[in-house]
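Colleague: Fit chains B and C with the ligands to the supplied structure of chain A, relying on the hints for placement.
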Amino acid sequence: MAQDLMDRELDVLDKERVAPVETLRRSDEALRLPAVAPPTALPLEPPLVPQVGEQTRAVGLRAQRPDSRNHGLGLTRYIDDIALPGMLFAKIKRAGIASARIKRIDTSRAEAMPGVCAVLVGSEIPVNSFGPSLQDQPLLAHPIVRHAGDGVAAVAAVTEQIAQAAIDAITVEYEPLPGVYDALEALKPESYKVHGGDTNVYASKVIKRGDVEAGFAQAYRIYEGRYYTPGIEHAPMEPFTSIADWDANGRLTIHASIGRITLARCDLARTLAIPISRIRVIGTVVGGNFGGKNEIRHEPVLALLAKKAGRPVKGRFNRVEEFVASTIRHAFHMDYKTGVTKDGRLIARQVRMVLDGGAYCSFSETTLGKACILSTGPYEIPNSLAEGYVVYTNKTTAGSMRGFGAPQVCFAYESQMDEIARDLGIDPVEIRLRNMFREGSMSSTGQVLHSVKVKESLENAVKKFGWEVQS
Amino acid sequence: MKPFGYVAAIDSEHAVALLAEYGKGAKVLAGGTDLLADLKFSPHPPPDVVVDISRAADLKGIALTDAGLRLGAMVTHSEIVHSPLIAEAAPALAEAAVVIGAVQTRNLGTIGGNLITCVPSMDSGPTLLALDARVTVLGPRGRREMPLSELFVGPRRTSLAFDEILIEIVVPTQNLHKPAAFQKFGLRKGQALALVNAAASFWAPDGVFTEPRIALGAVAPTVIRAPKAEAYLTGRPVSEEAMAEAGRIAATEAKPITDFRASAEYRRDLVAVLVKRALAGAFGRVTPNQKDLAS
Amino acid sequence: MIVTLTVNGELRSASVPPETTLLVMLREHLHLTGAKTGCDVGDCGACTVIVDGLAVNACLMLAAQADGRTVTTIEGLATREGLHPLQKVFEETGALQCGFCGPGVIMTSKALLDHTPEPTPQEIRTALTGNLCRCTGYVKMIEGVQEAAAMMRSPQSPALAGQSPALAAPEQK
Ligand SMILES: Cc1cc2nc3c(=O)[nH]c(=O)nc-3n(C[C@H](O)[C@H](O)[C@H](O)COP(=O)(O)OP(=O)(O)OC[C@H]3O[C@@H](n4cnc5c(N)ncnc54)[C@H](O)[C@@H]3O)c2cc1C
Ligand code: FES
Ligand code: FES
Numbered sequence: 001m002a003q004d005l006m007d008r009e010l011d012v013l014d015k016e017r018v019a020p021v022e023t024l025r026r027s028d029e030a031l032r033l034p035a036v037a038p039p040t041a042l043p044l045e046p047p048l049v050p051q052v053g054e055q056t057r058a059v060g061l062r063a064q065r066p067d068s069r070n071h072g073l074g075l076t077r078y079i080d081d082i083a084l085p086g087m088l089f090a091k092i093k094r095a096g097i098a099s100a101r102i103k104r105i106d107t108s109r110a111e112a113m114p115g116v117c118a119v120l121v122g123s124e125i126p127v128n129s130f131g132p133s134l135q136d137q138p139l140l141a142h143p144i145v146r147h148a149g150d151g152v153a154a155v156a157a158v159t160e161q162i163a164q165a166a167i168d169a170i171t172v173e174y175e176p177l178p179g180v181y182d183a184l185e186a187l188k189p190e191s192y193k194v195h196g197g198d199t200n201v202y203a204s205k206v207i208k209r210g211d212v213e214a215g216f217a218q219a220y221r222i223y224e225g226r227y228y229t230p231g232i233e234h235a236p237m238e239p240f241t242s243i244a245d246w247d248a249n250g251r252l253t254i255h256a257s258i259g260r261i262t263l264a265r266c267d268l269a270r271t272l273a274i275p276i277s278r279i280r281v282i283g284t285v286v287g288g289n290f291g292g293k294n295e296i297r298h299e300p301v302l303a304l305l306a307k308k309a310g311r312p313v314k315g316r317f318n319r320v321e322e323f324v325a326s327t328i329r330h331a332f333h334m335d336y337k338t339g340v341t342k343d344g345r346l347i348a349r350q351v352r353m354v355l356d357g358g359a360y361c362s363f364s365e366t367t368l369g370k371a372c373i374l375s376t377g378p379y380e381i382p383n384s385l386a387e388g389y390v391v392y393t394n395k396t397t398a399g400s401m402r403g404f405g406a407p408q409v410c411f412a413y414e415s416q417m418d419e420i421a422r423d424l425g426i427d428p429v430e431i432r433l434r435n436m437f438r439e440g441s442m443s444s445t446g447q448v449l450h451s452v453k454v455k456e457s458l459e460n461a462v463k464k465f466g467w468e469v470q471s
Numbered sequence: 001m002k003p004f005g006y007v008a009a010i011d012s013e014h015a016v017a018l019l020a021e022y023g024k025g026a027k028v029l030a031g032g033t034d035l036l037a038d039l040k041f042s043p044h045p046p047p048d049v050v051v052d053i054s055r056a057a058d059l060k061g062i063a064l065t066d067a068g069l070r071l072g073a074m075v076t077h078s079e080i081v082h083s084p085l086i087a088e089a090a091p092a093l094a095e096a097a098v099v100i101g102a103v104q105t106r107n108l109g110t111i112g113g114n115l116i117t118c119v120p121s122m123d124s125g126p127t128l129l130a131l132d133a134r135v136t137v138l139g140p141r142g143r144r145e146m147p148l149s150e151l152f153v154g155p156r157r158t159s160l161a162f163d164e165i166l167i168e169i170v171v172p173t174q175n176l177h178k179p180a181a182f183q184k185f186g187l188r189k190g191q192a193l194a195l196v197n198a199a200a201s202f203w204a205p206d207g208v209f210t211e212p213r214i215a216l217g218a219v220a221p222t223v224i225r226a227p228k229a230e231a232y233l234t235g236r237p238v239s240e241e242a243m244a245e246a247g248r249i250a251a252t253e254a255k256p257i258t259d260f261r262a263s264a265e266y267r268r269d270l271v272a273v274l275v276k277r278a279l280a281g282a283f284g285r286v287t288p289n290q291k292d293l294a295s
Numbered sequence: 001m002i003v004t005l006t007v008n009g010e011l012r013s014a015s016v017p018p019e020t021t022l023l024v025m026l027r028e029h030l031h032l033t034g035a036k037t038g039c040d041v042g043d044c045g046a047c048t049v050i051v052d053g054l055a056v057n058a059c060l061m062l063a064a065q066a067d068g069r070t071v072t073t074i075e076g077l078a079t080r081e082g083l084h085p086l087q088k089v090f091e092e093t094g095a096l097q098c099g100f101c102g103p104g105v106i107m108t109s110k111a112l113l114d115h116t117p118e119p120t121p122q123e124i125r126t127a128l129t130g131n132l133c134r135c136t137g138y139v140k141m142i143e144g145v146q147e148a149a150a151m152m153r154s155p156q157s158p159a160l161a162g163q164s165p166a167l168a169a170p171e172q173k
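Protein chains in written order, with UniProt numbering: chain A, 1 to 471; chain B, 1 to 295; chain C, 1 to 173.
Please note that the accuracy of each hint is not assured.
[Stated by the list, open to error] Derived SDA-like pairs (lysine to any residue); straight-line CA-CA distance at most 20 Å:
{"no.": "1", "chain 1": "B", "residue 1": "189", "chain 2": "C", "residue 2": "121"}
{"no.": "2", "chain 1": "B", "residue 1": "2", "chain 2": "A", "residue 2": "94"}
{"no.": "3", "chain 1": "B", "residue 1": "24", "chain 2": "C", "residue 2": "18"}
{"no.": "4", "chain 1": "B", "residue 1": "40", "chain 2": "A", "residue 2": "422"}
{"no.": "5", "chain 1": "B", "residue 1": "40", "chain 2": "A", "residue 2": "161"}
{"no.": "6", "chain 1": "B", "residue 1": "189", "chain 2": "C", "residue 2": "68"}
{"no.": "7", "chain 1": "B", "residue 1": "228", "chain 2": "B", "residue 2": "260"}
{"no.": "8", "chain 1": "B", "residue 1": "2", "chain 2": "A", "residue 2": "111"}
{"no.": "9", "chain 1": "B", "residue 1": "60", "chain 2": "C", "residue 2": "68"}
{"no.": "10", "chain 1": "B", "residue 1": "40", "chain 2": "A", "residue 2": "165"}
{"no.": "11", "chain 1": "B", "residue 1": "40", "chain 2": "A", "residue 2": "319"}
{"no.": "12", "chain 1": "A", "residue 1": "307", "chain 2": "A", "residue 2": "111"}
{"no.": "13", "chain 1": "B", "residue 1": "189", "chain 2": "C", "residue 2": "120"}
{"no.": "14", "chain 1": "B", "residue 1": "2", "chain 2": "C", "residue 2": "1"}
{"no.": "15", "chain 1": "B", "residue 1": "40", "chain 2": "C", "residue 2": "41"}
{"no.": "16", "chain 1": "B", "residue 1": "189", "chain 2": "C", "residue 2": "122"}
{"no.": "17", "chain 1": "B", "residue 1": "40", "chain 2": "A", "residue 2": "317"}
{"no.": "18", "chain 1": "C", "residue 1": "140", "chain 2": "A", "residue 2": "65"}
{"no.": "19", "chain 1": "B", "residue 1": "40", "chain 2": "A", "residue 2": "94"}
{"no.": "20", "chain 1": "B", "residue 1": "27", "chain 2": "C", "residue 2": "1"}
{"no.": "21", "chain 1": "B", "residue 1": "2", "chain 2": "C", "residue 2": "16"}
{"no.": "22", "chain 1": "B", "residue 1": "2", "chain 2": "A", "residue 2": "168"}
{"no.": "23", "chain 1": "A", "residue 1": "307", "chain 2": "A", "residue 2": "277"}
{"no.": "24", "chain 1": "B", "residue 1": "189", "chain 2": "C", "residue 2": "43"}
{"no.": "25", "chain 1": "C", "residue 1": "140", "chain 2": "A", "residue 2": "70"}
{"no.": "26", "chain 1": "B", "residue 1": "2", "chain 2": "C", "residue 2": "18"}
{"no.": "27", "chain 1": "B", "residue 1": "60", "chain 2": "C", "residue 2": "52"}
{"no.": "28", "chain 1": "B", "residue 1": "40", "chain 2": "C", "residue 2": "43"}
{"no.": "29", "chain 1": "B", "residue 1": "40", "chain 2": "A", "residue 2": "159"}
{"no.": "30", "chain 1": "B", "residue 1": "40", "chain 2": "A", "residue 2": "321"}
{"no.": "31", "chain 1": "B", "residue 1": "40", "chain 2": "A", "residue 2": "168"}
{"no.": "32", "chain 1": "B", "residue 1": "2", "chain 2": "A", "residue 2": "307"}
{"no.": "33", "chain 1": "B", "residue 1": "2", "chain 2": "A", "residue 2": "115"}
{"no.": "34", "chain 1": "B", "residue 1": "2", "chain 2": "A", "residue 2": "160"}
{"no.": "35", "chain 1": "B", "residue 1": "40", "chain 2": "A", "residue 2": "160"}
[To be verified] One side only, chain C facing chain B, incomplete, derived with CB under 10 Å:
{"no.": "36", "residue": "1"}
{"no.": "37", "residue": "17"}
{"no.": "38", "residue": "19"}
{"no.": "39", "residue": "21"}
{"no.": "40", "residue": "56"}
Just so you know, these hints were derived from the structure itself, not from any lab.
Quick reminder that beta carbons are idealized off the backbone N, C-alpha and C, glycines included.
Just chain A, same shape as in the assembly (with noise of 0.2 Å):
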């Protein structure tokens, strides 16, 4: 029976063979065709976006990007959708174990494949090291890995199937290290130190205002109280991707789904020791940024791979890698400690915060800086002081995501703002009214505000969600 099945030759595999004339023939037409998609006269119409020099009104009217037309189209060029010709593709092979020192890698199965055109490992990396503040993120780690997304090795083959093949030929050999996996595990003395040296600590703030303790000895009650934000993943919907082309005359262009060119361009030159005019970076169409898009990450080891083989190569990672080889927003650990006289006044805040910054530094210590900022709030508190901490743990790195340290402190104190206010009996509007900025205010840091329109927002949008009727 089966034979006679096989017989009627509808294996999809010998199709050509069976097909009638006529699909055969139709079926070559389409192959001889060009791969193009079919023509869309440009452009459509007149732009809708306003013209050079000309005066629109602005206000009341619906805001058009002028990007929006080709994203509709399908025609905005993003960086996955950037060919070169003889392009490679890399593949990174990532860790898998959080904490541990290497002791071999075997690469030569990996070398040995068709279609393999370089691979390399970080002890062959002259300058194994970059990073947008602390240069502290090996390219590919060598010996010590210090989270589970760390690279290891990486392939540029000339498709990306083999370059997966080829990755997950090559053997790694560990010696599994301990590690420290919680913030406030990693300041203590005894914790495993992420990278070697007596502390975790690789940042650190204090911003003071009046005397906390004159305070809170002058407050009708103190509240104290824990918070802790957790992590999150940024997780654009275009996964990281970059091209690195070299010329012949050892310049290099780096195609990158990037937000920040220069920084990435100093970055690039220090770690590969050319000079930056040797560096262009053309910043393709974001696919959501969110913070996480804002330094170099995969690039130099493309960079590495393309002089290696002389071609393009282009990175993507695919959604695994997403989440544990980019940066991700920090674990916030929050201590507030807020004394409060009898009628709602906010007169003394204590704040102890200490920053999960994960494997490396990245742009944490802008973030620290910017939390401990604004971690008393948008309210007038005459003693304030706030410390914050940023310690490595073996976790995925933390770096920038929207609003660098904003979110997770508004939580904290807007949190204990409710505590307060239902403890007190005061309506939790109106104890916010009671201590916002005004006209000026000044704040923790010693700055006197003008401007100030927290009221009228907060008034506004108590009435917009008709906080009235609730309660």
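Modeller: Only chains B and C with the ligands this time, still in chain A's reference frame:
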């Protein structure tokens, strides 16, 4: 994806012949929503060849036959959602199909693939179990027919041999129009696997629970029935309290695990609630002449 | 193997390895890069295209499975005469920000409107369940789909003038 070969079957017999030809190196491909997602990230060697059954005409179609309501294994979740026949004779099946994944997944994913993947959280299983569905399997040794419950062996394991395919699922004639309902609770309303799902069916002649069936998903290695809860209901007058009690009993029959989606205790609580809701939903479908309709 | 599709009204073939997904065939072999790779496992909908009238995840379908079938991608919506109403409305209302999810959202919405010319907001939400957008929050998209639906129902819709017959709505199933 790793390299593999591809052949397409024109019908179920051809598919079985191709499986015989390629042996254990072959893998059946239906809608591909489970298989391709697996193959992309699997550390295991790929199959030598995938046997595409998505063009097999005799595996398609929803129809009433002498045996009952027949769904070909290649019927997609979307086809179930939009089928007038199902809306009429077994609407709970559509209730279960419409909460699977999203539109795009439902347009590709098939009921056969859902049952054969056999994850405990599958959304097709509970309603079919609650309606005493039977399945037909075809292999080199011919056809065999069995209750759906005998197909499920464990997580991602069925009683199907490597050279067999599932060809159809039948809701028996006597259970058409049987009042039934399906409930699912996930972390989101769409595009989320069930933390728990449940289905219930019963006849209610003279307001008495008759032939009650309760099936639970995501709380045991396979989709299971809750026999103690069913026994409790049998012969009892229909009431909200009885439904709630059946839910509580079913919760004791569940063997949920704790994982990153939810704790075992939470899942157990969900069982009690969802069973009660499924029973109430089924009761909403009871019409006075239902028993006659079915016979 | 050789796979032949009718893409956006034209017959196209490509010689691809059997494990090639429809998404890879469209993007890398036919250079139709409108459909995007967001997750590659069916979760995000950035790869949505319409196959024989139904919205599907091109990342979860083998090119071979689409052999001989009719595929419409985002590139096939506009004509020389004008934008598809969805494209027009999405442009005017700023329904997209970074735009990466846009081709998928528009294709899913087109498939919805082809079958349901007058969708309720809930029907639109249900249809868009499988299209993740990290930028917008969906509100303008949902309004946009309703607006486009109204536009398509009115016979004088200028944006419809150029609809090519090959892309006319498929038969109601
Ligand atoms: C984004 C996403 C969301 C999802 N959400 C849900 C959800 O909410 N609920 C849910 O239950 N499922 C969900 N799924 C899982 C999946 O869509 C279903 O299980 C689907 O029904 C599988 O059918 P398929 O045709 O795609 O199977 P395939 O992927 O083609 O096959 C699955 C398995 O079954 C085997 N197989 C298929 N048909 C047969 C047959 N006739 N005979 C023998 N073997 C066969 C295949 O060899 C394979 O091992 C989701 C999947 C995705 C990608
Ligand atoms: S890329 Fe296909 S669903 Fe995300
Ligand atoms: S507009 Fe950026 S993901 Fe939707």
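Colleague: Next, verify each hint and record whether it holds.
Modeller: Tested hints:
1. Only pairs whose Cα atoms come within 20 Å are accepted, and residue 189 of chain B paired with residue 121 of chain C is accepted, the gap being roughly 16 Å.
2. This hinted pair checks out: residue 2 of chain B and residue 94 of chain A have alpha carbons roughly 19 Å apart, not beyond 20 Å.
3. Between residue 24 of chain B and residue 18 of chain C the alpha-carbon distance is near 19 Å, which keeps this suggested pair within the 20 Å criterion.
4. With a C-alpha separation of about 53 Å, the suggested pairing of residue 40 of chain B with residue 422 of chain A is violated against the 20 Å cut-off.
5. A C-alpha spacing of about 10 Å is found between residue 40 of chain B and residue 161 of chain A, which places the hinted pair at or below 20 Å, so the restraint holds.
6. Between residue 189 of chain B and residue 68 of chain C the CA atoms are separated by roughly 35 Å; this puts the pair beyond 20 Å, and the hint is violated.
7. Between the alpha carbons of residue 228 of chain B and residue 260 of chain B the distance comes to roughly 29 Å, so the proposed pair goes past 20 Å and is violated.
8. Taken as a hint, the residue 2 of chain B and residue 111 of chain A pair is honoured in the structure, with Cα atoms around 18 Å apart against an allowance of 20 Å.
9. Among the hinted pairs, residue 60 of chain B with residue 68 of chain C is consistent with the structure: their alpha-carbon atoms are about 18 Å apart, no more than 20 Å.
10. For the hint pairing residue 40 of chain B with residue 165 of chain A, the CA-to-CA distance comes to about 12 Å; that is within 20 Å, so the pair holds.
11. Between residue 40 of chain B and residue 319 of chain A the CA atoms are separated by roughly 12 Å; this keeps the pair inside 20 Å, and the hint holds.
12. With a CA separation close to 16 Å, the supplied pair residue 307 of chain A and residue 111 of chain A stays within the 20 Å bound.
13. For a cut-off of 20 Å, the pair hint linking residue 189 of chain B to residue 120 of chain C stands: about 18 Å separates their Cα positions.
14. About 16 Å separates the Cα atoms of residue 2 of chain B and residue 1 of chain C, which keeps this hinted pair within 20 Å; it holds.
15. Restraint check: the Cα-Cα separation between residue 40 of chain B and residue 41 of chain C comes to about 8 Å, which is no more than 20 Å; the hinted pair holds.
16. Distance check on the hinted pair: residue 189 of chain B and residue 122 of chain C sit about 12 Å apart at the alpha-carbon level, within 20 Å; holds.
17. Restraint check: the Cα-Cα separation between residue 40 of chain B and residue 317 of chain A comes to about 14 Å, which is no more than 20 Å; the hinted pair holds.
18. For the given pair, residue 140 of chain C sits about 14 Å from residue 65 of chain A by alpha-carbon distance, which is consistent with the 20 Å threshold.
19. In summary, the hint linking residue 40 of chain B to residue 94 of chain A is supported, as the alpha carbons are separated by about 17 Å, within the 20 Å threshold.
20. A threshold of 20 Å between alpha carbons decides the hint, and for residue 27 of chain B with residue 1 of chain C the separation of about 19 Å falls inside it, so the pair holds.
21. Restraint check for residue 2 of chain B and residue 16 of chain C: the C-alpha separation of about 14 Å stays at or below 20 Å, so the hint holds.
22. Pair hint residue 2 of chain B plus residue 168 of chain A holds up; C-alpha atoms about 11 Å apart against a cutoff of 20 Å.
23. Annotation: proposed proximity of residue 307 of chain A to residue 277 of chain A holds, straight-line Cα distance about 18 Å (limit 20 Å).
24. For the proposed pair residue 189 of chain B and residue 43 of chain C, the alpha carbon gap of about 14 Å is at most 20 Å, so the pair holds.
25. For the given pair, residue 140 of chain C sits about 18 Å from residue 70 of chain A by alpha-carbon distance, which is consistent with the 20 Å threshold.
26. Restraint check for residue 2 of chain B and residue 18 of chain C: the C-alpha separation of about 10 Å stays at or below 20 Å, so the hint holds.
27. For the given pair, residue 60 of chain B sits about 16 Å from residue 52 of chain C by alpha-carbon distance, which is consistent with the 20 Å threshold.
28. A distance of roughly 14 Å separates the Cα atoms of residue 40 of chain B and residue 43 of chain C; the hinted pair therefore holds under the 20 Å criterion.
29. For the hint linking residue 40 of chain B to residue 159 of chain A, the alpha-carbon distance of about 15 Å falls within 20 Å, and the restraint holds.
30. The suggested pairing of residue 40 of chain B with residue 321 of chain A holds, with an alpha-carbon distance near 14 Å, which does not exceed 20 Å.
31. Restraint check for residue 40 of chain B and residue 168 of chain A: the C-alpha separation of about 13 Å stays at or below 20 Å, so the hint holds.
32. Restraint check: the Cα-Cα separation between residue 2 of chain B and residue 307 of chain A comes to about 27 Å, which exceeds 20 Å; the hinted pair is violated.
33. The suggested pairing of residue 2 of chain B with residue 115 of chain A holds, with an alpha-carbon distance near 15 Å, which does not exceed 20 Å.
34. Restraint check for residue 2 of chain B and residue 160 of chain A: satisfied, since their Cα atoms lie roughly 10 Å apart, inside the 20 Å limit.
35. Between the alpha carbons of residue 40 of chain B and residue 160 of chain A the distance comes to roughly 12 Å, so the proposed pair stays at or under 20 Å and holds.
36. The beta carbon of residue 1 of chain C comes within 7 Å of a beta carbon in chain B, closer than 10 Å, and the hint placing it at the interface holds.
37. Against a cut-off of 10 Å between C-beta atoms, the interface hint on residue 17 of chain C holds, since the closest Cβ of chain B lies about 6 Å away.
38. For residue 19 of chain C, the interface hint holds, the least distance from its beta-carbon to any beta-carbon of chain B being 4 Å, beneath 10 Å.
39. Hint status for residue 21 of chain C relative to chain B: holds, with the closest Cβ pair at about 7 Å, below 10 Å.
40. Evaluation of the residue 56 of chain C hint against chain B yields a held restraint, the C-beta minimum of about 5 Å falling below 10 Å.
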